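A.B. asks: Chains as they are written, first to last, in the working numbering: chain E, 1 to 327; chain V, 1 to 177; chain B, 1 to 768.
Keep in mind that the hints are not guaranteed to be accurate.
DEER-style ranges, computed between Cβ atoms [to be verified]:
1. Glu675(B) / Ala27(E): 49 to 57 Å
2. Glu752(B) / Ser182(E): 46 to 54 Å
3. Thr130(V) / Ala69(E): 58 to 66 Å
4. Arg198(E) / Leu62(B): 53 to 61 Å
5. Ala181(E) / Glu125(B): 48 to 56 Å
6. Arg606(B) / Thr130(V): 27 to 35 Å
7. Gln8(V) / Ser182(E): 41 to 49 Å
If you only want the chain B side, here are some residues facing chain E, beta carbon under 7 Å, derived [as the list claims (entries may be wrong)]:
8. Glu383
9. Glu675
10. Ala679
Derived from the structure by calculation, the hints contain no laboratory data. Keep in mind the model is a prediction, meaning the values are calculated, not measured. The beta carbon of each residue, even a glycine, is placed where N, CA and C say it ideally should be.
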Amino acid sequence: MMPLPRFALARPGSLEEAARLLSDAGAEGRVLAGGTDLLVNLKHGLAAPRLLVSIDRLPELRGVSVDDAGALVVGAAERLADIAAQVLVRARAPAIAGAAGLAAHPQARNMGTLGGNVCLDVRCRYVNRTPLWRGSLGGCLKAEGDVCHVVPGGKNCMAALSGDTVAPLVALDAKAHLVSASAERWVSIEALRGKDGRTPVALQPGELVRAVRIPAAPPNRRSAYLKWAVRHAVDFPLVAVALVVDAGADGAIESLRVVASVLGPKPRVVAGLDRFRGERITPQLASAVAEQVTRQCVPLPNVLYDPQHRRRRLGVMVRRQLDAWVG
Amino acid sequence: MSEGSDAQPISLTVNGEPVTVLATPSETLLEVLRYRLGLTGSKQGCDKGDCGACTVLVDGRPVLGCLTLATLCDGAEVRTVEGLSTAAGLHRVQAAFVRHGAAQCGFCTPGMLMSAVRFLETREQARAPTREEVAAALSGNLCRCTGYAKILDAVIDAAAELGTRSVPGSNDAEGAR
Amino acid sequence: MSGSPSVLGGRHGRIDGAEQVTGAARFADDLSLPRMLHARIVRSPHAHARLVRIDSSKALSLPGVHAVITGRDLPTPYGIIPWTTDEHVFAVERARYVGDAVAAVAAIDEATAARAVAAIEVEYEVLPALLDPEEAARRTDVQIHASKRPGNLTKQVDLAFGDVDAAFAEAPLLLENDYAFHGTTHAAIEPHCALAQVDGDGLLTVWSATQVPHYLHRALASVLGLPARRIRVIQPPVGGGFGGKSEPFDLELASALLALRTGRPVKILYTREEVFLAHRGRHPTRIHARTAFDRDGHLVAHDADLLLDGGAYASFGLVTTYYAGQLTSLPYRLPAYRYRSRRVYTNKPACGPKRGHGAVQPRFAMEVQLDRAAVHLGIDPIELRRKNFIGENTRTVNELRVGSLGLLACLDAVERASGWKERRGRLPRGRGLGVAASAYISGTNYPIYPNEMPQSAVQLCADRSGRVRVFAGTSDIGQGSSTMLATIVAAELGVELADIRVVAADTDLTPVDLGAYSSRITLMAGHAAMDAAREVASMVRRAVAKKWEASPKDVSLAGGLAIDICDPSRTMPLADAFVLAESAFGTLGAVGSYNTPKEGIHGDYRGGTIGATPAFSATAHVAEVTVDEETGDVVVEKIWCAHDCGKALSPLLVEGQIEGSCYMGFGEALMEHHETDAAGRLVAPDLLDYRIPTSLDTPFIASTIVEAPDENGPYGAKEAGEGPLHSSIPAIANAVFDAVGVRIDELPITPEKVLAALDKQREEQHRR
């Protein structure tokens, strides 16, 4: 067995208390949500927080509702399995329900939360290993060392964004409600994710995610989350992409958003898709969009699969999904 | 686990029985079950959430014992493989496993059974489950011996049995036999 | 279920089924003893390094730490093969792979032991590491093991049978191709675990998740310098082996020494990473194959050059090197055959025996060669295999005796079940069917260390309660050997399965069995059980006959009764019959033992004994695949497998072996890969990145049992545990070719390899 390091565990009953505990602990405190990622990292010696603050008894982090503006608000502590099954989520943000339902495996989905998935640490073949393994090359930027094995000479950690829900949340323009002992703020999921894997989530010390808000969908929206992994369960994505298309009543595209993940630490919002505005989805358009995605999205050798293959596959996934929406 | 200094008592209901046991904050539910309570039915296969051998039900849901902090189960209801059978005999899914030869080495079996129990108790009762549905429900439990074939057979068989008993008058359930 | 001859071949489950499903089965890590310490092993972070200094003083000063042991404490080398004892429990002079054991610490709990491991200071002088087998074979300046000859060869075998060159010179079709079989590992869900205890009288008891209690017993005696009679080895239920627990490991020897040193029970449980490091899995093998055929598709000659990447230690490698050549000579008639097989040391986790030991890699090459020949000659691939069938009661070109071999029935079965005749060639592009076949040993004919003693023995004891006890050294690792023994005893004595208790794999309580490897137990221990049971049955019959004033041959034991065949209304409960027998003969017991036939089994050339077996099983597979030409994804839609096990004593268990073998082959063919990076570290040291298929990935497996009874098998029975793996892999590769016309000769068949091959195909078509 891989024993967990020693830490103190707090189980506050209110958001206020949780925020205070986190604020007091500062950099030595960590939020514990489902634990499926954090506890493995602790077993691997990747972090040694003094205090874990469990969010499992915070009513403020629970619930799925629709606010006055018609936006879907999902509590950060809602479990992935519930989100996948939740009627409101399935109706209003099917790509989120889909992504939550594709994460890991049933047990992990019963444990893992939306907030945890959004804040999931980046993953890398050189990082998520035991100290013995990492030690043989003297570690890396993210753990115990000062070099990057993914991008030799690189100054930023380029571990991979691996949370399934992140890309669709970014594509749906979702925001996270962040709360601390002294303040609260809304920040887009895109801005929440850092570009250096050493600071994968832009949370201030003492801050935690309370909820995620997904704006109301216009009437003719189509969305999808596409994940590729070798196995149909257990695996993290090897490459993943979310697509959101809003169209007018005539079928003309009003907005097209494509967001890829498992490249580097940040989700990649594919740029320049505005030029497709006004067009209808056709096989030609599908190919053109796929080509643009492939051009901009460059997977790295941070997870265990040939980056060139992952890049090519990304294009096929995008094209096929758009093909399925032709008409 | 014998680091007593920061161990605190926690109270759980384990297989229907109230239990108070010491646990440190760093102790997992799997460690407490296996090493403090002697419930060694739940297994450790990878200790990091990849294999599912440690699957137990906490408040009805299959979770990974190896990544669940025991302290957070204070007040929870925990079900393990040891709680499935009664003096009257095996649970129907246990019996189906034996009948179908669904266990070979038997090491993944306890975790597999807990996922199967959850599936059987929450599935749509009005019709027989498909093989794909059962496979999805068990997809977080790795088995290296069986190729899953007889495991799926056993769960489908147990579902049919459950259907006939719990949904009287259901034509689908009748047909499933 | 009723005890009667029909128990043989009845669809019963395992005798320990209830124990398994209730969580009552106690595996090694489920055992706990008062005052038990936990130990952990310090491992080298370098692929090749000289040990300069080990300082354990800091670790020893930690509260709760009881002992540290290092290479100096255990200087005696060991190894499963007596001629290649190249392992030490802890590196003595140098570490030879990332993960090589250097020291061990015993402490009051695992957390303390883990901290103590981190506190042990080891100074290394890093040496150049050899990671590529070709390079290791070439280099003489870096030597992983000091040996008489320079270089890094574990073993080289050169054998030729028939006039190979002449056959090649005249053959109308010569196929010459390179194949690469990758490394794969067993990945049993139970990690290795050992618990050692020394009692007040100095008897050392070791409980271990092992497949070979007997060989462990010998290794403990030799390495610890204790007489074997002062050591007891007990094998609790084992959570899967597949060859990964079939030799002594560091944790067993280390826990034993720590128990001797501390006077307290000591347990060591591998982490999952350590399981991957201990390995002993399938050797990565490069094969250059030349195969000649006549115009009708008959094999005329085969020539293979094999290079096996052995990793840091010999393990079973000497035998593997032979198996890689010896078992390619059937199930087809091969008039001329030559092979060169070399195994080299590299600075990586040691390879060893994985399900199908040594023969799976060359089988892949041979079956794809046959498929290529079928395409060249326009012959149906199943028909080509029928034509080449070696036949029964014959000899291979390398002089292995072949008894029964139900290959044709296996081919018929998969041809029929898969709709081969109607569907093959008529499927749309992207969908394909592939076939392959194989044969495998039912036990290796000779023990690992030369001796003339029985390879399996059984003691049987029945008593006045009606209960029967079977004492056997056999290792049930999930394959069901204890159920097999009970089935045979139930059939012979007429008792119910539930009234038989099998006491297995305890060197103090049970007679010897060599272990769960080479698919030997059903044939060997089955014979021993059958003989012992027949003797007890004879005693019971005689006692009952005396009472009934009948002839013993007219007394039948069945269904829990003794029955007068001449007057079936006259019966007696078996318990009463046992009372009569016990009264007449004293204790009601018997022994049975088995040794293999030695006459006419193999040739007398050096190495000719390897591959020899009392009986061969036969297998045929058809796989159906869909290939996505844009992503390269291969989906195996279905696998049909027919396996000739001679006689299925417990069909449910035989099907389980077939299904499990197909599953394991499927995972090897498409997704599993045990490999190291440029630093010699495992690329995938966990069950997240070493991807064994889940329930959602595994295709539907349709198994068919074929029975071609063998005169050497009990009731005709042969093996079922390993044979059904071999041809599963080439069947998938051949199906991929049938689907899209590309050959992937380097395993595993990954999407990027398929796409690269398809790209090349498109380019070539474009150029034309």
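A.B. asks: Taking 41 to 49 Å as the hint, is the beta-carbon distance of Gln8(V) and Ser182(E) inside that range?
C.D. replies: Hint violated: Cβ distance 31 Å, outside 41 to 49 Å.
A.B. asks: Tell me if the beta carbons of Ala181(E) and Glu125(B) are separated by a distance inside 48 to 56 Å.
C.D. replies: The hint (48 to 56 Å, Cβ to Cβ) holds, given that Ala181(E) and Glu125(B) are roughly 53 Å apart.
A.B. asks: Does the beta carbon distance between Glu752(B) and Ser182(E) stay inside 46 to 54 Å, or does it fall outside?
C.D. replies: Cβ of Glu752(B) to Cβ of Ser182(E): about 51 Å, so the range 46 to 54 Å holds.
A.B. asks: Hold the hint about Glu383(B) up to the distance rule: shortest CB distance to chain E must be less than 7 Å.
C.D. replies: Violated: closest Cβ of chain E sits about 36 Å from Glu383(B), beyond 7 Å.
A.B. asks: I want to verify a distance hint. Is the separation of the beta carbons of Glu675(B) and Ala27(E) within 49 to 57 Å?
C.D. replies: At roughly 38 Å between Cβ atoms, Ala27(E) and Glu675(B) fall outside 49 to 57 Å, so the hint is violated.
A.B. asks: Is 53 to 61 Å right for how far apart the beta carbons of Arg198(E) and Leu62(B) are?
C.D. replies: 32 Å, violated
A.B. asks: Using the C-beta atoms of Thr130(V) and Ala69(E), is the stated range 58 to 66 Å upheld?
C.D. replies: The hint (58 to 66 Å, Cβ to Cβ) is violated, given that Thr130(V) and Ala69(E) are roughly 40 Å apart.
A.B. asks: Range hint 27 to 35 Å: satisfied by the CB atoms of Arg606(B) and Thr130(V)?
C.D. replies: Given a distance of about 57 Å, which is not inside 27 to 35 Å, the answer is violated.
A.B. asks: Report holds or violated for the interface hint on Ala679(B), using the least CB-CB distance to chain E and a cut-off of 7 Å.
C.D. replies: 6 Å, holds
A.B. asks: Identify whether the interface hint at Glu675(B) stands, where standing means a beta carbon of chain E within less than 7 Å of its own.
C.D. replies: 10 Å, violated
Hints 1, 3, 4, 6, 7, 8 and 9, counting from the list given before, are not met by this structure.
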